[in-house]
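J.: Spelled out, the chains give:
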Amino acid sequence: MSGARRQLVFEKIAHLVLALIAAIAVAPVIGIIIFLFIKGGPALTPEFLTSMPTNGMKAGGIFPAIVGTLYLVLGTIVFAVPVGTLAAVYLTEYATQGRLTRYIRLAIANMAGVPSVVYGLFGLGLFVLLLQMGTSLLAGSLTLGLLVLPVVITAAEEALLAVPQAFRQASLALGATRWQTIRRVVLPNAIPGIITGTVLAVGRAAGETAAIMFTVAAFFLPTLPDSPFSQAMALPYHLYTISTQVPGMPEEIKWGTALVLLLLVLSFTLTAAVVRARFRRKRRW
Amino acid sequence: MRTAQKIKEVLIGKLILACGVLSIAVVVLIFVFLLRDAFSLFDSYPLIDFITGRKWYPISEPPVFGILPLVLGSLLVTAIAILLAIPLGVGTAIYIAEVAPGWLKEILKPLMEIVAAIPSVVLAFIGLTLLAPYLQGLLDLNTGLTALTGGIMLAFMALPTIVSIAEDAINAVPRSYREGSLAMGATRWQTTQRVVVPAAMSGISASVMLGIGRAIGETMVVLMVTGNAAVMPTSVDSVLKPVRTLTGTIAQEMGEAVFNGPHYFALFAIGLVLFVITFAVNWIADLVLYRYREGE
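Protein sequences appear in the order of chains A and B. Once you know that position 103 of the first sequence is 103 in our numbering, the rest is easy, because the numbers rise by one and skip nothing. Plus 1000 on top of the position in the second sequence (first one is 1) and you've got our numbering.
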């Protein structure tokens, strides 16, 4: 029986090694978050969040960058959520499972894989230059909207598929048209899933840098944007500039900015997780 | 049904179809845009020199646009990242799917989701302010901004992709396979190693492909921590020297390039190269995943 015993010892060692690997994989994220809180926490005063940067960004707050990011995120979801949801409606309610849907799915998978800097180039070429929107919130929002579209479509599709077929059949049997059924029966039941996707997309858009570098972001702009055609500062780009382009930048401001961006994005991720969990628990069918 | 309603129904159907095929249109449009501007470069600059040129001097007179050092820089950083990410990612996926008790899974999976959610610029900032000075001191380097620093950060970024897709693949292995193996007297580890992992191999390979795609396309991390020196990484010690990648070059130089000048077109041509690489990587991953879904 010593062979079997050796196998069991071997199994123990293997499991221990795997546990160690998993620990190495997740340890950095815990370390990073703790570090950001320790070094950035002291910078987080109400003035830091609500005042303009001064002295070449070396003092003052990050208010315009926060506002710029919020506007950008708003613009992104105004575009991406309706379009993404309708695309998911097409895939689940209208399309037959043929070659076209296969191509659409391949395109969505590839959109998710296109590097964000390439979206930045595309946004620059199409929105900023060809459509003459200039470097603006509008151009940046549309670029980010395309970038997050796969996230919205995937989440909405999953939500629509979870609505039981019987709901649709009952509605159609009562004489409702296909669109009436979708609008009054299918979509309302899929709302939590669509919200989850929206919030995830918001988190992605809020943290994205490369796609907004050439489409919207201003290096330093001590005024708030006043129209969709304004340039704007944005948190991720601000973090990039102050940590690489501005010599003599106080450490505290850099860490504080990084912490604000992290908290903003993680709050969206957490919201999405909570909505998803509640939705799963409350589902009545 | 009233005519007005019928018309509305048809129009809405068309709108929904349009949204459905939009993703195809976007992919095609991105490709066409990149191709158009890239070809504007190749009118005046030979394609062969662009691809095989060993020098990237975009603002010298005349400019030299050889992307070989950038391609090799991207490949080097990605190779380092993936060599680190495969054992860590696949190991973590196996641990979560096969070994970890339920409560630990509930901790590990959300932690991985947090890693996926952290903005790349925040990770780049961490790499720049913590990892780079640390490696510089540890390995006694001239600068901490090296291919290795970038590779480590990218490995971390590719982990969530690899873990989540590899874990799905392992979970998709039918229970009967495990039961059959255990019933024949194999230990849990023998079952994992000889039955479950081989059965999940196509999904695990796809997860690695997608991780590679993620690493090659990542911009902010490589822009901020690899040092951005456009030199040919030809020797082993290039790992510990600054390199420059395809994505980093676009991000670094687009702000200065003159609109519709050769430099501008050259950066779009780099975008085209990136698009083709990531498209190929994702397409292969999709084929592998599709086959394994079909196989179920």
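In short, the hints are calculated from the structure, not lab data. We put the CB at the ideal spot given by N, CA and C, even for glycine. It cannot be assumed that every hint is accurate.
Quick list of in silico lysine-lysine cross-link-like pairs, DSBU-like style, CA-CA up to 35 Å [stated by the list, open to error]:
no., chain 1, residue 1, chain 2, residue 2
1, A, Lys58, A, Lys39
2, A, Lys12, B, Lys1241
3, B, Lys1055, A, Lys12
Label pairs and their calculated CB-CB ranges [said to hold, decoys possible]:
no., chain 1, residue 1, chain 2, residue 2, range
4, A, Thr101, B, Pro1198, 26 to 34 Å
5, A, Thr45, B, Phe1259, 19 to 27 Å
6, B, Leu1035, A, Thr244, 41 to 49 Å
7, A, Ala95, B, Phe1259, 21 to 29 Å
8, B, Leu1083, A, Pro247, 19 to 27 Å
9, B, Leu1083, A, Asn55, 38 to 46 Å
J.: Now tell me, hint by hint, if it's right for this structure.
T.: Okay, the hints, checked on the actual structure:
About 17 Å separates the Cα atoms of Lys58 of chain A and Lys39 of chain A, which keeps this hinted pair within 35 Å; it holds. Between Lys12 of chain A and Lys1241 of chain B the alpha-carbon distance is near 40 Å, which puts this suggested pair outside the 35 Å criterion. At most 35 Å may separate the alpha-carbon atoms for a hinted pair to count; Lys1055 of chain B and Lys12 of chain A exceed this at roughly 53 Å. The hinted range of 26 to 34 Å is satisfied by Thr101 of chain A and Pro1198 of chain B, whose Cβ atoms lie roughly 32 Å apart.
As the Cβ distance of Thr45 of chain A to Phe1259 of chain B is approximately 41 Å, the hint placing it in 19 to 27 Å is violated. The supplied range of 41 to 49 Å is broken by Leu1035 of chain B and Thr244 of chain A, whose beta-carbon atoms lie about 31 Å from each other. Separation of Ala95 of chain A from Phe1259 of chain B is about 41 Å and departs from the stated range, judged on CB atoms against 21 to 29 Å. In this structure, Leu1083 of chain B and Pro247 of chain A break the distance hint of 19 to 27 Å, their C-beta atoms being roughly 35 Å apart.
Between Leu1083 of chain B and Asn55 of chain A the beta carbons are some 45 Å apart, a value that agrees with the proposed interval 38 to 46 Å.
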